[in-house]
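Student: The chain contents come next:
2 protein chains.
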Amino acid sequence: MKLSDIGELSLLKTIRKRFAVKSKDVIAGIGDDTAVIKPPRKNLLATTDMMVEGIHFDLRLTTPYQLGFKLVSINVSDIYAMAGKPRYLLLDIAMDKNTDQSFVKRFFDGIHDAMKLYGVSLIGGDISSSRKDMVIAAALIGDVKKHIKRSGAKPGDRIYVTGNLGDSACGLNVLKKIKKTVPIENTPSLTLPPRGGEMGGGDNSQLLIIKSQLSKLGLSWNTVMPLLRRHLMPEARNPKGFAKYATSMIDLSDGLFIDLTRLCDESKTGAKIFMGRIPVSGRMRTASSLIGLDAMKLACSGGEDYELLFTAPPYPPLRGGAGGVKITCIGEITKKNRIVVDAAGRESQLKATGYRHFEIQR
Amino acid sequence: MKLSDIGELSLLKTIRKRFAVKSKDVIAGIGDDTAVIKPPRKNLLATTDMMVEGIHFDLRLTTPYQLGFKLVSINVSDIYAMAGKPRYLLLDIAMDKNTDQSFVKRFFDGIHDAMKLYGVSLIGGDISSSRKDMVIAAALIGDVKKHIKRSGAKPGDRIYVTGNLGDSACGLNVLKKIKKTVPIENTPSLTLPPRGGEMGGGDNSQLLIIKSQLSKLGLSWNTVMPLLRRHLMPEARNPKGFAKYATSMIDLSDGLFIDLTRLCDESKTGAKIFMGRIPVSGRMRTASSLIGLDAMKLACSGGEDYELLFTAPPYPPLRGGAGGVKITCIGEITKKNRIVVDAAGRESQLKATGYRHFEIQR
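Taken in order, these protein sequences are the chains called V and U. Residue numbering for the first sequence follows the working numbering, beginning at 1 and increasing consecutively. Residue numbering for the second sequence follows the working numbering, beginning at 1 and increasing consecutively.
Not one of these hints is a red herring.
Here are some chain V residues pointing at chain U (derived, C-beta under 7 angstroms): (1) 52; (2) 94; (3) 150.
Calculated lysine-lysine pairs in the DSSO-like style (CA-CA distance at most 27 angstroms, straight line): (4) V/38 / U/145; (5) U/180 / U/216; (6) U/38 / V/38; (7) U/13 / V/154; (8) V/145 / U/145; (9) U/146 / V/38; (10) U/42 / V/24; (11) V/24 / V/85; (12) U/24 / V/268; (13) V/351 / U/17; (14) V/24 / U/85; (15) U/24 / V/145; (16) V/179 / U/132; (17) U/97 / V/179; (18) V/97 / U/97; (19) U/351 / V/17.
None of these hints come from the bench; they were simulated from the model. C-beta: ideal position from N, C-alpha, C; glycine also.
Just need the whole structure built from these sequences, with the hints factored in.
Tutor: Set out below in C-alpha cells:
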C-alpha cells in the first residue's frame with residue numbers, strides 16, 4: 001500500500017498512537033497546534049539537522065530503518081557535544097506520495113529505536129509530500145546544567161577525540177562498491193539490544209550476495225560490518241565520563257580538520273595535531289587499503305564520524321575508556337599556529353578540508 | 001554570484017553576523033553545536049512546519065522574500081493558536097547550489113522582517129544543498145502561561161473565526177492566472193511599516209504588465225492585491241484580545257471544515273455552522289466570481305487562511321475587533337452532530353474537506 005492510499009490523516013493517527021508520550025513533563029504532545037512542555041530548571045539546548053536525498057543519503061544504499069536511526073543520532077550528537085541531555089524531538093518529513101507504507105513503517109522503526117536508545121520523546125512534526133527527493137529534518141530540544149562551548153579551549157589544553165576516525169567515511173566507500181542496501185540492523189551494537197527475528201530469509205540471501213561481493217574485493221564481512229554500521233547507523237557519543245574536564249567540545253560531522261578549525265576559530269587559538277596519534281581502527285586500515293583509499297585522509301577529512309572532539313587541561317591526564325567511551329589524546333592547543341606533525345616528525349600547515357555544501361567535491 | 005561560488009562557510013558567516021541575537025535569555029545563538037537558552041518560567045511551546053517546492057510553493061509564483069516571510073508566519077500561527085508568545089526560531093534550508101546569492105539574500109530579508117514583526121530570534125539552523133527542489137523548514141519555540149488546546153470546546157460554546165476566510169485560496173487562484181511573481185512586498189500591511197524604495201523600476205514595469213493581465217480578467221489591482229498578500233505573505237493573528245475567553249483554539253491551515261472537524265474530534269463534540277455568517281470579503285466574492293470559482297467553497301475548504309478558529313462561552317458575547325483583530329461568530333458547538341446550515345436554513349452534514357497530503361487533489 002502506498003502513502004497515496006493511506007492519506008495524511010491516517011498516517012498521522014498511526015504516528016500519534018505509536019509515539020504517545022508518557023513523560024509527566026510533556027503536558028501536550030502530538031495532536032495540537034504545538035506541543036506544551038513544562039520548563040526544565042536547567043538551560044535549554046536546541047538544534048536542528050536535515051538530511052536530503054541525493055546529498056546526504058542514497059536510497060539505493062540505505063534502508064529506511066537506518067535512515068530514521070541516523071537522523072535521530074546526528075541531532076543527539078549535537079546535544080551531546082554541548083554536554084546536554086536530549087529530550088524532545090520534532091520531525092519534518094517530505095516524501096513522494098508513491099512511497100510504500102512498509103518503507104514509512106521501517107523509517108519510523110528506526111526513529112523509534114534511536115529515541116529509546118537516547119531517551120528522547122517525539123512531541124511534534126510535519127509530514128508533507130514531495131515531488132521526488134525525500135527530505136527529512138529533526139529539531140531536538142535538550143537541557144543542560146553546564147554546557148560546553150566550542151570557544152573554551154586554552155593554549156596548553158590537550159586535544160582528545162572519542163572512538164576511531166574515518167570508519168564512517170570508509171564504510172560509505174565500501175557501500176559504494178557493494179551498490180546496494182546492507183541489512184546491518186541486526187548486527188551487534190555497543191549499546192543496543194540485539195534485534196532478533198527481524199532479519200528474514202530475504203535479508204540472509206542478500207547478505208550472501210554481499211559477502212561474495214566483498215570477498216572479490218578481498219574484504220571479509222567481519223572487517224566491513226562495523227564500518228558500514230558506523231556510517232549507516234552511527235550511535236552518538238555521550239560525554240558524561242569526561243564532560244566535567246572538557247574546556248571546549250564539538251561533534252565531528254564534516255571531518256576532523258574542518259571541525260578542529262572551527263573549534264580553534266571559536267576559541268581563538270592554534271592547535272598541534274600528531275597524525276600518528278589519530279585513532280584509526282585496524283579494520284579501517286585494511287578496508288581502505290583494499291579499496292585503494294588513504295586511511296589517514298579518511299580519518300582527517302572523511303566526515304560523518306559523529307565522534308566528539310574536545311579539549312581538557314593537561315592535568316589530570318584523561319585515560320581511555322571514560323564512561324565506556326574510548327578517548328585518545330591527539331595533540332594540544334597552541335596560541336596561534338595550526339600544525340599537523342606527521343609520523344616522521346615533519347610539520348605542515350593544518351588545512352580545513354572536509355565536506356562543505358554548495359562546493360564542488362574533490 | 002551563485003551559492004557554489006560563495007560556499008557554505010561564507011554563507012553561514014553572513015547569516016551569523018546578520019542574525020546575532022541581543023536577548024539576554026539567549027546564552028549562545030548561532031555558531032555552536034546547539035543554541036543555549038535560559039529556561040522560561042512559563043511552559044514551553046514547540047512546533048515545526050516545512051514548505052516543499054512544487055507542493056507548498058512554486059518559485060514562478062512567489063518571490064524569495066515572500067517565501068521567507070511566509071515560513072516564519074505559518075510557524076508563528078501555530079504558537080498563536082496556543083495563545084503563546086513566539087520566541088526562538090531554528091531554520092532548515094535545502095537548495096540547489098546554482099541558486100543565486102541575491103535569491104538567498106531576499107529570502108533572508110523576508111525571514112528577518114517577519115522575525116521583527118513577531119519579536120522572534122533566530123538561534124540556529126542547517127543549510128544544505130539539494131539536487132533540485134528547494135525545501136525549507138522551521139522549528140519555533142515559544143512560551144505561554146496558560147495554553148489553549150483544541151480539546152476544550154463545550155456544547156453551547158460559540159464558534160468564532162478571525163479575519164475573512166478564503167482570501168488566501170482566492171489569491172492563489174488569481175496568481176495561477178497571472179502566472180508570474182507579484183511584487184507585493186511594498187503594499188500596505190496592517191502591521192508592517194511601509195518598505196519604501198525597494199520596489200525599483202523593474203518591479204514597476206512588471207506591475208504594469210500584471211495590472212493589464214488583471215484588467216483582461218475584469219479585475220482591479222486594488223481588489224486583488226490584499227488577496228495575493230494574504231496568500232503570499234500571511235500575517236499570523238495574535239489572539240491576545242480574546243484568548244482569555246477562548247475554551248479551544250486551532251489555526252486554519254488546511255481549511256475551515258477540516259480544521260473545525262479536528263477541533264471537534266479533539267473536544268469530542270459536534271458543531272453547527274451557519275454558512276451565511278462565514279466572513280467573506282467583498283473583494284474575494286468579486287474576484288472569485290470573475291475567475292469562475294465558488295466563494296463559499298474557497299472560504300470553507302480553500303486552506304492556508306492562517307486565521308484562528310476558536311470557541312468561547314456564550315456570555316460575555318465577544319464583539320468584533322478584539323485586540324485589533326476582527327472576529328466573527330459563525331456557529332456553536334453541539335453535543336454530537338456536525339451540521340452546516342445554508343443561507344436558506346437547510347441543514348446538511350459537515351464534510352471535512354480541505355487540503356491533505358498524499359491524496360489526489362480535486
